[in-house]
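Residue numbers (my numbering), protein chains in the order written: chain A, 25 to 391; chain B, 1136 to 1465.
Simulated from the structure, these hints should not be mistaken for laboratory data. Among the hints, a few may not be true.
[Stated by the list, open to error] Pairs of lysine-lysine, DSS-like flavour, derived with a Cα cap of 27 Å: (1) B:K1287 with B:K1194; (2) B:K1448 with A:K274; (3) B:K1338 with A:K274; (4) B:K1287 with B:K1275; (5) A:K274 with A:K39; (6) A:K211 with A:K248; (7) A:K323 with A:K48; (8) B:K1446 with A:K274; (9) A:K47 with A:K274; (10) B:K1287 with B:K1274; (11) B:K1275 with A:K39; (12) B:K1338 with B:K1275.
[Claimed, not checked] From chain A, some residues computed to sit far from chain B (all C-beta separations above 12 Å): (13) K39; (14) G46; (15) P146; (16) F183; (17) L194; (18) M202; (19) N213; (20) K299; (21) T306; (22) E345; (23) E361; (24) F367.
From the three backbone atoms N, C-alpha and C, an ideal C-beta is built for every residue, glycine too.
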Amino acid sequence: MSKTQAKEPFMRIAKRDQASFGKKFTVRAVAIVLALVVDAIFIFSVTGLNPLKVYGVMFQGSFGNSVRFSWMLRDLVTLLCISVALAPAFKMRFWNIGAEGQVLIGGLATALVMVEFGNSLPTPLLFLVMVVSSIVAGGIWGFLPAFFKANWNTNETLFTLMMNYVATSLVASATDIMRGTASSLGKLNMSTQAGWMPMFLGQRYNVNILVVLILTILMYLYLKFSKQGYELSVVGESENTARYAGINVKRVTIRTMIISGAICGLAGFLIVSGKDQTIATTSAGGQGFTAIIVAWLAKFNTFYMALISFLLVFLSRGAAEIASTYDLNDFSSSIIEGIILFFILGSEFFINYRVIFRGSESKEVAQ
Amino acid sequence: MSSVLVAWILRAIPFGTIIMFGALGEILTEKSGNLNLGVPGIMYLGGFGGFASAYLYEKSTENPNAAVCVLLALFFAILASVIGGLIYSFLTVTLRANQNVTGLALTTFGMGVANFFGVYLLNGASYTAAPVTYATFSKKIPHLSSMGWAGKVFFGYGILVYVAIAAAIILHYVMYHTRVGLNLRAVGENPATADAAGINVNKYKYLATCIGAGISGIGGLYYVLDYNQGIWATTDQIEALGWLALALVIFTTWKPLNAIWGAYLFGMLYWLYQFMPGLMGINVPGYITDLIQMVPYVVTMIVLIVVSFRKKKENQPPASLGLSYFREER
């Protein structure tokens, strides 16, 4: 180093090429532990309870007994299904913030079919129509922003966000018509149970679990090994490269978003038919937004998505358990979740970059 | 002027003011290239910070001083929302986390904090109030507001309605007529170029986001302490308002002055369903009401599409919106 050079800054930041698996794991584990410590401080300072005991109760929320465990799985697959739906869009760097609306509109399509054709169609055909219409509805909700993005570069983040509220209004309006003079909609086809997911191993939502499990594996294969999966990842890395390589960017964008929206629509079907047996503006319950976080943190790997979905569902069920045990309120889960997310998001920095302090440079070179 | 129309405007303008504050803050933030989807969370923090401080003060003294109420509420509303903005900018600017995801996490967090601690204030009741602060914030302009319909329409609101308009004008002036504003827009359009020109990109991003959060937070305060008559209850309403504020930002094509009429237009659209029977003699069933609720969002989508069709430079979103800046990545 020449002596005329300006003084080296105390610390600087450089991009890391590729962190090893062990490094990534350590950084994330440290982040979660730190987040749990901060949450513990929060819990203690607000309630004065022993945080470890509280975390124990939290654990009960998901693993306390077999019923709770199966509820946890049910919630997990709902979130996972939406995250899986978002994976291809995000891998293409298409910010689909509209999962909430795509799920709702898929659920609405399902519910309308259930009510209209519940008594006239044979069960297998009924289910076929329900699934197809939910997929089509979700697909349309995905197609619209992609169409405008592909042709006129309309900002997709903002467009998909607006589409959520259009879907919410439609659902509100439809439920208003369907409920007639009743004060609330209640379960659809209560007497005939037409369009309700069949019982499987004692629970309707076990079908959901099975479907989502298959979807997760299929999506993993699609992204990793299919030609289409490769194309969309090239578009995500650089549109110019994609064009140069002869990929039709417009077509890939629209196709990927139709797939993304369609799976969201299918998630709506699973929620309506397999979980709630009804539709409401809250049917998606913010999961469409949570799934965005899941899909992003998992870096488009569907199995990590399962892991992160588990973490978040575990937290929210745990917080509900704490709330009932200690007479707190459910919103503590939002705080705990928020803090954990902040830490995980922040920890990405230490995976992607390295901080170099003054004087350590010579060592780096020597290595 | 028809009394129904006057009543409609009297509903629309306060509603518009809530989202105008939210949108003005977000315009400032987005001009620096930060797309903060945490606006709903920040408005929660602002609303709660303002209410909690005013409520606790009113409860602790026999004769609460109106001025202290207002100052306390404003101070803590801004403080709470700036903290939200700080979390966001630390994660996205310093640690370069993804902006969309960080914003959404902030929304979850803000709503959680406000409603969680709100329950302690409620203490079992379904709602609780800060009457003195409400009375002060919602005080209409004396004499002028009682001069017929014009008095009502122009002067019949609490002080913050006028503060919002002033804020829009000041923001417009700063953004388009000062060097600071020029630098800010440069950072949002092309941070690398701004950096090369000697502008401290991180400083601008931090300040724009935090000050923007402070302004958005006042929207939350206005909602609780004026629009909602100083009543705190566990609510989802603020979240919906926050998203509407984000829609308004697009509708204004990132121009503060447009936020003034845009916000009032959104307010008119929002309350349209209630005044349609009186104005046009149409009696709307409930399901049509629900459909009317989507109009502001549909209008925003149309604006978004038209803007991208026309490709006029001055109407585009800031070019680096949503992207983190890393100097060595050029």
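Structure-based check of each hint:
Proximity of B:K1287 to B:K1194 is assessed by CA-CA distance (about 33 Å); at most 27 Å being required, the pair is judged violated. The hinted pair formed by B:K1448 and A:K274 meets the criterion: a straight-line CA distance of about 23 Å does not exceed 27 Å. At most 27 Å may separate the alpha-carbon atoms for a hinted pair to count; B:K1338 and A:K274 exceed this at roughly 38 Å. Among the hinted pairs, B:K1287 with B:K1275 is consistent with the structure: their alpha-carbon atoms are about 9 Å apart, no more than 27 Å.
Using a Cα cut-off of 27 Å, the hinted pair A:K274 and A:K39 is violated, with the two alpha carbons roughly 32 Å apart. Restraint check for A:K211 and A:K248: not satisfied, since their Cα atoms lie roughly 40 Å apart, outside the 27 Å limit. Of the supplied pair hints, the one linking A:K323 and A:K48 holds, its CA atoms being roughly 12 Å apart against a limit of 27 Å. Taking the CA atoms of B:K1446 and A:K274, the gap is about 19 Å. The hint holds against a cut of 27 Å.
A threshold of 27 Å between alpha carbons decides the hint, and for A:K47 with A:K274 the separation of about 38 Å lies outside it, so the pair is violated. With a C-alpha separation of about 13 Å, the suggested pairing of B:K1287 with B:K1274 holds against the 27 Å cut-off. For the suggested pair B:K1275 and A:K39, the alpha carbons sit about 57 Å apart, so the restraint of at most 27 Å is broken. Of the pairs offered as hints, the one joining B:K1338 and B:K1275 is violated, with about 39 Å between alpha carbons and a cut-off of 27 Å exceeded.
Look at A:K39: its CB is around 6 Å from the nearest CB on chain B, not clear of 12 Å, so calling it non-interface is violated. Its beta-carbon lying about 21 Å from the closest one in chain B, A:G46 satisfies the requirement of being farther than 12 Å from that chain. Distance check on A:P146: its Cβ is at least 31 Å (rounded) from any Cβ of chain B, clearing the 12 Å threshold; non-interface status holds. Under the 12 Å C-beta cut-off, the non-interface status given to A:F183 relative to chain B is violated; the minimum distance is some 6 Å.
Taking the minimum C-beta to C-beta distance to chain B, about 7 Å, the non-interface status of A:L194 is violated against the 12 Å cut. Not every CB of chain B is more than 12 Å from the CB of A:M202 (nearest about 9 Å), against its label as outside the interface. Against the 12 Å criterion, A:N213 stays outside the reach of chain B, whose nearest CB is about 20 Å from its own CB. No Cβ of chain B approaches the Cβ of A:K299 within 12 Å, the least distance being about 21 Å, so the stated non-interface status holds.
Non-interface status of A:T306 relative to chain B is broken: a Cβ of that chain comes within 12 Å, the nearest being about 9 Å off. No Cβ of chain B comes within 12 Å of the Cβ of A:E345; the nearest lies about 16 Å off, and the non-interface call holds. Against the 12 Å criterion, A:E361 falls within the reach of chain B, whose nearest CB is about 6 Å from its own CB. At roughly 10 Å, the least C-beta separation between A:F367 and chain B is not larger than 12 Å, which violates its mark as non-interface.
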